[in-house]
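Chemist: If you want the building blocks of each chain, they are given just below.
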Amino acid sequence: MKHRSVLAGALVATLTGFLSLGVAQAQNVIKIGAVAPKTGPLAGGSTVTHWPNIKLWVEQVNARGGLTLKSGKAKIELIEYDDKTNPGETIKAVQRLATQDKADFIIAPYGTGFNLAVAPIFAKHGYPQIVVTAITDQIGDLTKRYPSLFFTLGSTTAFTKSVADILAKLHADGKIGNKVAMVNVADAFGIELAASARPIFKAAGLDVVYDKSYPLGTQDLSPIVKGAKAANPDAFVAWSYPPDTFGLTQQAMIQNLNVKVFYTAVATAFPAYGGKFGMAVNNNLGAGGINPDTAEMQTYSASHKRITGKAPDGWASATMYASLQILEQSIEGVGAADRAAVIDYLKNNSFKTVMGDITFNSQNNDHYWTVGQWQDGKYYGVASTGRAGEKAVRLKGGWK
Amino acid sequence: MDILITGLLLGGTYALIAMGLNLQYGVARIMNLANGEMLVAGAFAAFWIFTAGQVSPLLSLVVVAPLAFAGNWLIYRFVMLPLVRRSRSQGQLEVDSILATFGLSFILVGIMLASFGGDYFTYSYLAVPFDIFGNTYALNRVVAFAVAVAIGVLLCLWLGFSRSGLAVRAVAVDPRSAGLVGIDVVKVSAFAFALGGAVTAVGGALISTFLTMDASIGGLFTMKALIIVIMGGVGDVRGAIIAAMVLGLAETAIASLIDPGLTLAAAYLLFILVLLFRPQGLFGRRAS
Numbered sequence: 001m002k003h004r005s006v007l008a009g010a011l012v013a014t015l016t017g018f019l020s021l022g023v024a025q026a027q028n029v030i031k032i033g034a035v036a037p038k039t040g041p042l043a044g045g046s047t048v049t050h051w052p053n054i055k056l057w058v059e060q061v062n063a064r065g066g067l068t069l070k071s072g073k074a075k076i077e078l079i080e081y082d083d084k085t086n087p088g089e090t091i092k093a094v095q096r097l098a099t100q101d102k103a104d105f106i107i108a109p110y111g112t113g114f115n116l117a118v119a120p121i122f123a124k125h126g127y128p129q130i131v132v133t134a135i136t137d138q139i140g141d142l143t144k145r146y147p148s149l150f151f152t153l154g155s156t157t158a159f160t161k162s163v164a165d166i167l168a169k170l171h172a173d174g175k176i177g178n179k180v181a182m183v184n185v186a187d188a189f190g191i192e193l194a195a196s197a198r199p200i201f202k203a204a205g206l207d208v209v210y211d212k213s214y215p216l217g218t219q220d221l222s223p224i225v226k227g228a229k230a231a232n233p234d235a236f237v238a239w240s241y242p243p244d245t246f247g248l249t250q251q252a253m254i255q256n257l258n259v260k261v262f263y264t265a266v267a268t269a270f271p272a273y274g275g276k277f278g279m280a281v282n283n284n285l286g287a288g289g290i291n292p293d294t295a296e297m298q299t300y301s302a303s304h305k306r307i308t309g310k311a312p313d314g315w316a317s318a319t320m321y322a323s324l325q326i327l328e329q330s331i332e333g334v335g336a337a338d339r340a341a342v343i344d345y346l347k348n349n350s351f352k353t354v355m356g357d358i359t360f361n362s363q364n365n366d367h368y369w370t371v372g373q374w375q376d377g378k379y380y381g382v383a384s385t386g387r388a389g390e391k392a393v394r395l396k397g398g399w400k
Numbered sequence: 001m002d003i004l005i006t007g008l009l010l011g012g013t014y015a016l017i018a019m020g021l022n023l024q025y026g027v028a029r030i031m032n033l034a035n036g037e038m039l040v041a042g043a044f045a046a047f048w049i050f051t052a053g054q055v056s057p058l059l060s061l062v063v064v065a066p067l068a069f070a071g072n073w074l075i076y077r078f079v080m081l082p083l084v085r086r087s088r089s090q091g092q093l094e095v096d097s098i099l100a101t102f103g104l105s106f107i108l109v110g111i112m113l114a115s116f117g118g119d120y121f122t123y124s125y126l127a128v129p130f131d132i133f134g135n136t137y138a139l140n141r142v143v144a145f146a147v148a149v150a151i152g153v154l155l156c157l158w159l160g161f162s163r164s165g166l167a168v169r170a171v172a173v174d175p176r177s178a179g180l181v182g183i184d185v186v187k188v189s190a191f192a193f194a195l196g197g198a199v200t201a202v203g204g205a206l207i208s209t210f211l212t213m214d215a216s217i218g219g220l221f222t223m224k225a226l227i228i229v230i231m232g233g234v235g236d237v238r239g240a241i242i243a244a245m246v247l248g249l250a251e252t253a254i255a256s257l258i259d260p261g262l263t264l265a266a267a268y269l270l271f272i273l274v275l276l277f278r279p280q281g282l283f284g285r286r287a288s
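One line per chain: the protein sequences are A and B, in this order.
Everything in the first sequence is counted per the numbering used here, starting at 1 for the first residue and increasing by one.
Everything in the second sequence is counted per the numbering used here, starting at 1 for the first residue and increasing by one.
Just chain B, same shape as in the assembly (with noise of 0.2 Å):
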């Protein structure tokens, strides 16, 4: 039972991390290399805030989720949109993209080291015990948790009973179709890319108050968002929650059953066992 709970509040972590890029390739089919970096960026928003402030680092979301959102629309709009025009096919901008994010990536990592540094950023939030059952857990932890599932659920009902929901949907099987349909595919795609981005910085910001963090640690989290990207299939944000919480109770289990040692090989293992008997991952299409 134990293990089970802190699988899944570690699940609720990972969902945070990579439901952001899972939008932005689903949807605005971007393979956000610079993911990690936003997440950090929004980390350390929320650090500032509440160190500089003593703001909580739920109600700097407040500020941080536009803010991220305004920002990753803007990086759409004059980064991406350029590669997304001159693309003839889904593979060239794909491949594009990888190259251009990578670069923002480092991009992003020089912005942050000049504006505060290359020291560990840290602080205590919600640090206290939590009983769940009899077993403890921290606190931050589960309300990082709550918040993941909140916004898993939001995100969920959005797209599956709104119209605007309906439209980043169909972008997300086939942007060339929807275009036919009369959506106005670009404006789609920027707003799925700007939304993901939003949802990174706020996981960051939520992350951040159980991690200690710096500027350079962001590849280490794009690494893990893609892995549960994949494997819970693209284009669905449902897969990428559901890959989460299976990666983290495998991942919790062999810590605890069997060696913490074996976590990383684990999630990988999972991750090759899922590409060779499902290559479209748990909820995605066959690639046609």
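Next comes chain A alone, as it looks inside the complex (with noise of 0.2 Å):
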């Protein structure tokens, strides 16, 4: 079942074409493709973070005149596809984009399981892919497997590591006890996480008191923050999804869940969070981070707010903008759209990006933010695997 944005593309690549032959090579193109959800499970989460970042950047881009090959300016044409959060889908749009529209460039898609399913077709049409939105433990292996692909974001150990390393500290420095309730959504993110989590949490000597996991799409958390509670937790870790963060989040504060440290996963970001709890969520925990008070990032929350109509997430926005920063400055430096040779480009330089200098290691960025916290209604990063700008983490007091 075709998108309609999938009509309009088509549309547009013909039209363009018939323009081309009139006009006889005026005016330079560069086709970018991009899939990622716009409907189902994941298109909530690929709305916040995945497509307002490429909307931005394409008409940026654009308003300077495009970006600059050594033959001249060329504008991008992007080619959207809606992967209905459906594997399948995905491969099948980038099977698509790579071999009809004859995308020069392809934009990695949204979610671990989607870039990990599409990986070997990007690789066998030597396509670049900038991954963001997925984390795993396997980027070394998936690293060597395949030569064109880039990891961003980090590694599931890192995320939950970084957590058990703070709740470890904050229990050597005395302020709280060493008793966890952890719960995960029954999801491959979440499962992954719980499971990474088990033994690192162990292993820093914290108690696990409340161990469970729930269905995606629970309606009613009531008796897992029961449950928690009746455990008598001094921290409260959740491996979440967005609907179940800002549900667990209201059953801790209907039930008056008094922990010291509350952490849920994905979307804890998102500026919806902030916007619908307000100063309760003070001092929650969540994934991910970023220092928001850089000159670059202030610059990109103002245009981003501007061009999308809406803020950034505190999170995976600015390195999904980042990666596309990448891709622009790759494809520059060498200076035509030559897949290879950007690919090689990416493995031997550094870019100057809103996230910072990020450069690849083996295709593997090593400095990324784990876990932020909401202080006074921003959210911050609190914990990276070194990047500057890391607040100190502040203990939760209550829900008011």
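Rather than coming from a laboratory, the hints here were simulated on the basis of the structure.
Note that CB positions come from ideal geometry on N, CA and C, so glycine has one too.
Accuracy of the hints is not assured; some may be wrong.
[To be verified] Listed next, the in silico SDA-like pairs over lysine to any residue satisfying Cα-Cα at most 25 Å (straight line): (1) A:K92 <-> B:G117; (2) A:K400 <-> B:Y123; (3) A:K276 <-> B:M112; (4) A:K276 <-> B:V149; (5) A:K276 <-> B:L139; (6) A:K226 <-> B:A146; (7) A:K400 <-> B:G134; (8) A:K400 <-> B:P129; (9) A:K400 <-> B:Y137; (10) A:K226 <-> B:V128.
[What the hints assert, rightly or not] Quick list of the computed label-pair ranges, beta carbon to beta carbon: (11) B:L59 <-> A:T308: 30 to 40 Å; (12) A:E296 <-> B:V142: 23 to 33 Å; (13) B:D259 <-> A:T385: 31 to 41 Å; (14) B:L269 <-> A:A230: 20 to 30 Å; (15) A:K75 <-> B:A150: 52 to 62 Å; (16) B:W48 <-> A:A230: 35 to 45 Å; (17) A:G140 <-> B:A265: 33 to 43 Å.
[Claimed, not checked] Here are some, though not all, of the chain B residues that point toward chain A, as calculated from beta-carbon distances under 10 Å: (18) G7; (19) V128; (20) A150; (21) G248; (22) A250; (23) D259.
Put the two chains together into one complex; each comes in its own frame, and the hints tell you how they fit.
Modeler: Set out below in structure tokens:
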């Protein structure tokens, strides 16, 4: 079933083809494909993190005439597809972009499973795949197998270890006890995080007193929060997805779950989270973070709001934009739509982005944010694997 | 006691999801797979009215219910009626309506995406603790339960004791015979379909006070509604309400006493057991 933008994209491509026949190579165009969910269970996340940054980037580049190639300026022609949160559709769309639409470059899709599903096709057709929203412990194996695959946001273990480190340090400083209630959503990322966390928490000397999972889309999370509360934890950690991140937080407020550390995973960094709960989620921890105070981040945030109408999230949005900046700098650095040269350029150069400097070490970015915290209405990074601007972790003092 | 009340509150939520589909399937014989999207549309309407106009979702029902009624009536009149007219058997109508409403659900998702985008929408209304017998519950869920009970009672009273309700029940039992005794089956079916849609949209508006939703989440609700309607027995609203309560209690009990991860498995196990031992559902009639 074709999405409306497929038809629109095909029409634009045909028209452009016709026009270029008449106008005889006056304007250079570089075709960039993008496929991600616009419908389906992950659409809510990709609508916040993925699509707005693509829209922002393309508009900004075209506003200054396009990418600077050796042959002159080339405007970006964006071809979008909706993969309906179905990896099969993502594969089909990438195949189509590569073989039928003859895209010069393809932006990596949204979601770990989806990026892994299309990695072979990207590699087969020689497209650089700068992945953002994919977090896995198999980065080493995957980058060896696919020389065109680049990771930016980190590994599962890094995320769980950061949380364990924060808890262990607070415990060592005598600020909290070592009892942790841990829950996770029974879907890919949630299960992976929980499985990774269990041995790490144990090794850090933490006592997991409540360890349960719940199906994706559970309408009533109060039994879980009540169960966690009954175990008397010092900290509450939820490896959760957007709907349950909101739901668990709401239930914790209503049940007055009095913990000094409250962590929910995906979507804690969304502007809507801070918007809905306001100061009640002050000092709540979440997955990922940014340093919103740098000049680049402030400019980025303002442009994002102006062009897409909404604020970026506090985690993957900026890295998504950075990945597009990296693509832009590589294409301009090579000076042509030469995919093999761009892949080479990605491996051997450093890039200036809104996240700071990014260099790929064996196709992996080693420096990323792992944990963030809402502090006085803004979401700041509090733990990272080497990013500047970490703020100190604060204890949660109630839900008022 | 805590499990009992939490379970009943969840049952109330489920009843809101399922009563509408029960009317549409039981009376109009339309297996409306776009039911979940109607729920999300009602939810979004309440969200929009609340965030734009600071109007309570309860008051917004005054607007949401008639609009949903009118919208669903139009859907029945122009999309479903041709299918009804040309189907030669109930089985064929069911298959046709499943396919048609399946497609309709995609259209509705597309319209909602185009209108308000794919973001999650959520707001806080009555998200305060409410004490019952010493245990804390969310006030918005208690209110949703109260409204669910009110709607259920009103529907049962209307269906059981009014002339028009009698006509609706007659059509639910056997549309052909109902036509023979002078009931305008098309008019009654259209009315039931529209009413079902309105109830679903109202349910969506109430549920939006405590759940985070986006344009694509409808399918999840359709599936739950389907289980409840089949479990409760097609054609009788009481069945849907009882089945919803049973499901809510079962899920809460399993989540609190055994493992929250088994709630979905428990729901479907219950579904299978009911189908095995009482295939017509709790309140249904055996197929003749």
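Chemist: Take the hints in turn and mark each one as holding or not.
Modeler: Each hint tested on the structure:
1. A:K92 <-> B:G117: holds (24 Å)
2. A:K400 <-> B:Y123: holds (17 Å)
3. A:K276 <-> B:M112: holds (22 Å)
4. A:K276 <-> B:V149: violated (29 Å)
5. A:K276 <-> B:L139: holds (17 Å)
6. A:K226 <-> B:A146: Holds: K226 (chain A) and A146 (chain B) sit about 23 Å apart, inside 25 Å.
7. A:K400 <-> B:G134: Roughly 21 Å separates the two Cα atoms, so the pair holds.
8. A:K400 <-> B:P129: Distance ~13 Å between K400 (chain A) and P129 (chain B) Cα, so the pair holds.
9. A:K400 <-> B:Y137: Status holds; Cα separation ~18 Å.
10. A:K226 <-> B:V128: holds (16 Å)
11. B:L59 <-> A:T308: 30 to 40 Å: Between L59 (chain B) and T308 (chain A), where Cβ atoms are some 32 Å apart, the hint holds.
12. A:E296 <-> B:V142: 23 to 33 Å: About 48 Å separates the Cβ atoms of E296 (chain A) and V142 (chain B), which means 23 to 33 Å is violated.
13. B:D259 <-> A:T385: 31 to 41 Å: For D259 (chain B) and T385 (chain A) the Cβ distance comes to about 34 Å; the hint holds.
14. B:L269 <-> A:A230: 20 to 30 Å: 26 Å Cβ-Cβ, so the 20 to 30 Å window holds.
15. A:K75 <-> B:A150: 52 to 62 Å: holds (59 Å)
16. B:W48 <-> A:A230: 35 to 45 Å: About 38 Å separates the Cβ atoms of W48 (chain B) and A230 (chain A), which means 35 to 45 Å holds.
17. A:G140 <-> B:A265: 33 to 43 Å: Roughly 36 Å apart at Cβ, these two residues keep to the hinted range, so it holds.
18. G7: holds (9 Å)
19. V128: With a minimum Cβ separation of about 7 Å from chain A (threshold 10 Å), the hint on V128 (chain B) holds.
20. A150: violated (20 Å)
21. G248: holds (8 Å)
22. A250: This interface hint is violated because 12 Å lies over the 10 Å limit.
23. D259: holds (6 Å)
This entry does not satisfy hints 4, 12, 20, 22, going by the numbered hints stated previously.
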